[in-house]
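Asks: Those sequence lines, one after another, are chains H and A.
Numbering-wise (the numbering used here), the first sequence opens with residue 16 and increments by one.
Numbering-wise (the numbering used here), the second sequence opens with residue 7 and increments by one.
Rather than coming from a laboratory, the hints here were simulated on the basis of the structure.
Note that beta-carbon positions come from the ideal geometry of N, C-alpha and C, so glycine has one too.
One thing to keep in mind: the hints can contain errors.
As the list claims (entries may be wrong) - Calculated pairs, BS3-like style, for lysine-lysine (alpha carbon to alpha carbon, straight line, at most 27 Å):
1) A:Lys12 to H:Lys224
2) H:Lys224 to H:Lys176
3) H:Lys153 to H:Lys269
4) H:Lys224 to H:Lys276
5) A:Lys8 to H:Lys265
6) H:Lys140 to H:Lys265
7) H:Lys77 to H:Lys39
8) H:Lys46 to H:Lys66
9) A:Lys12 to H:Lys265
10) A:Lys8 to H:Lys224
11) H:Lys269 to A:Lys61
12) H:Lys140 to A:Lys48
13) H:Lys42 to H:Lys77
14) H:Lys46 to H:Lys77
15) H:Lys176 to H:Lys242
16) H:Lys269 to H:Lys242
17) H:Lys242 to H:Lys265
18) H:Lys140 to H:Lys66
19) A:Lys61 to H:Lys140
Unchecked claim - Pair ranges (Cβ atoms, derived):
20) H:Gln49 to A:Ile103: 52 to 58 Å
21) A:Ile122 to H:Phe264: 48 to 54 Å
22) A:Thr106 to H:Thr161: 44 to 50 Å
23) H:Phe262 to A:Gly123: 34 to 40 Å
24) A:Gly80 to H:Glu150: 48 to 54 Å
25) H:Phe262 to A:Ile29: 22 to 28 Å
26) A:Leu15 to H:Asp191: 23 to 29 Å
27) A:Ile122 to H:Thr189: 51 to 57 Å
28) H:Phe262 to A:Gly80: 18 to 24 Å
29) H:Phe262 to A:Phe36: 31 to 37 Å
30) A:His30 to H:Tyr142: 48 to 54 Å
31) H:Asp147 to A:Val114: 50 to 56 Å
32) H:Val294 to A:Ile103: 45 to 51 Å
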Amino acid sequence: MAKDTKNLVGKPITFKILRYDPDKDTKPYYKTYQITLERGMTVLDGLMHIKENQDSTLAYRKSCRMGICGSCAMYINGLPRLACQTQISELNSPVVVVAPLPNYPILRDVVPDLDPLFIKHQNIKPYIIREDKAELEKPTGEFSQTPEELERYIQFSYCIKCGACLAACPTVSTSDLFIGPQAGAQAYRYIADTRDDGFNERLQVLDDKYGVWRCHFPGACSEACPKGVDPAFAIQLLKREIVARRFGFKSAPKPAPLAPKPEKAERRPGIPEAPAPTVGQ
Amino acid sequence: MKESTKWFLFIIAGALIVFLLGIHIVIMHFDDLLYNLGVGDKDVLSYESVVHRSKIFAHVVVYILLLGAALYHGLYGFRSLLSELPLGRGLENALSIIITIAGVVLFVYGAHAIIIGYIS
């Protein structure tokens, strides 16, 4: 039965934090700190309190403190979570165990090396790919897309690259070569985008033993995602897309054309001109 | 062979197993009904009935297809299970080759038994 943690406000909370300095330590170890729980205190607040008042050598990663940047993803009481979004009172425990995200090398203390995440992300070419490169470099208009077409991929574009999904994935823990849920979801995000024509360019990475077929659908990535993205679903959609296109059940759609420019449209008074493009100048 | 081809064959084999196993179950376990309808043997497990069925070409086709589908589906699944072990690329490739060879050997052995029953 969960303890009534509302009573813990004003009482001591134990932080058990994994410490590791590669210059000094041969292996990671846990160090214990005690703080007093204040109302509304997050795990990140607790870590900052410890760093400011008890141990300035504690290393952790943070930036926005509002669940947008994804910097503070950590392994908190046995689950990958964002420290800034995790209320200590919601953990239902007077002990908070903090460790770096699993499935990544440790840089120091609770700071993981996120290179595997970004390398896999880069491998699936997470950007719009089209034949008309001149238009991409120097846009003359906007590619058309309906709200319904946007709905197909919008949830996958909410990924903040915190790395929690890779930390939760049991398949990543058995093979570093698996592209993983983050890259899979982002591959689908671009393949499902009607403006994109890069399916074949991404196929070599995706249609591989260590690509989407390695996922056996445990769904831990979707449970762990702090932004509500469903990478496990994206990977299943990718499997369907690959089979449908490779075996002729579906033909490759043509990328969305430029939307016609509005005619007889007048700028409202007081609305300034858009600034000149800075990309490709 | 691309991984999507292997996976697609795995799904096709699964569907084929359901269909072919359905035929097998009807013939072997609804024998009384088939006999009463006048399309089956009275005792499907008797030696004469087994020999009679093995001489039917459709029987040979069904069981060779079922053998192939079951072997492919089962061994692909077994390979997927083994891939959950932290083996590394080299050992995984070696295991895939061993499983493929085992599948081919078992298929040839099983198909040989079915064909021998048909032609002898």
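Asks: Under the constraints set out in the numbered hints, which ones does this structure not fulfil?
Replies: Hints 4, 11, 12, 16, 17, 18, 19, 21, 27 not satisfied by this model.
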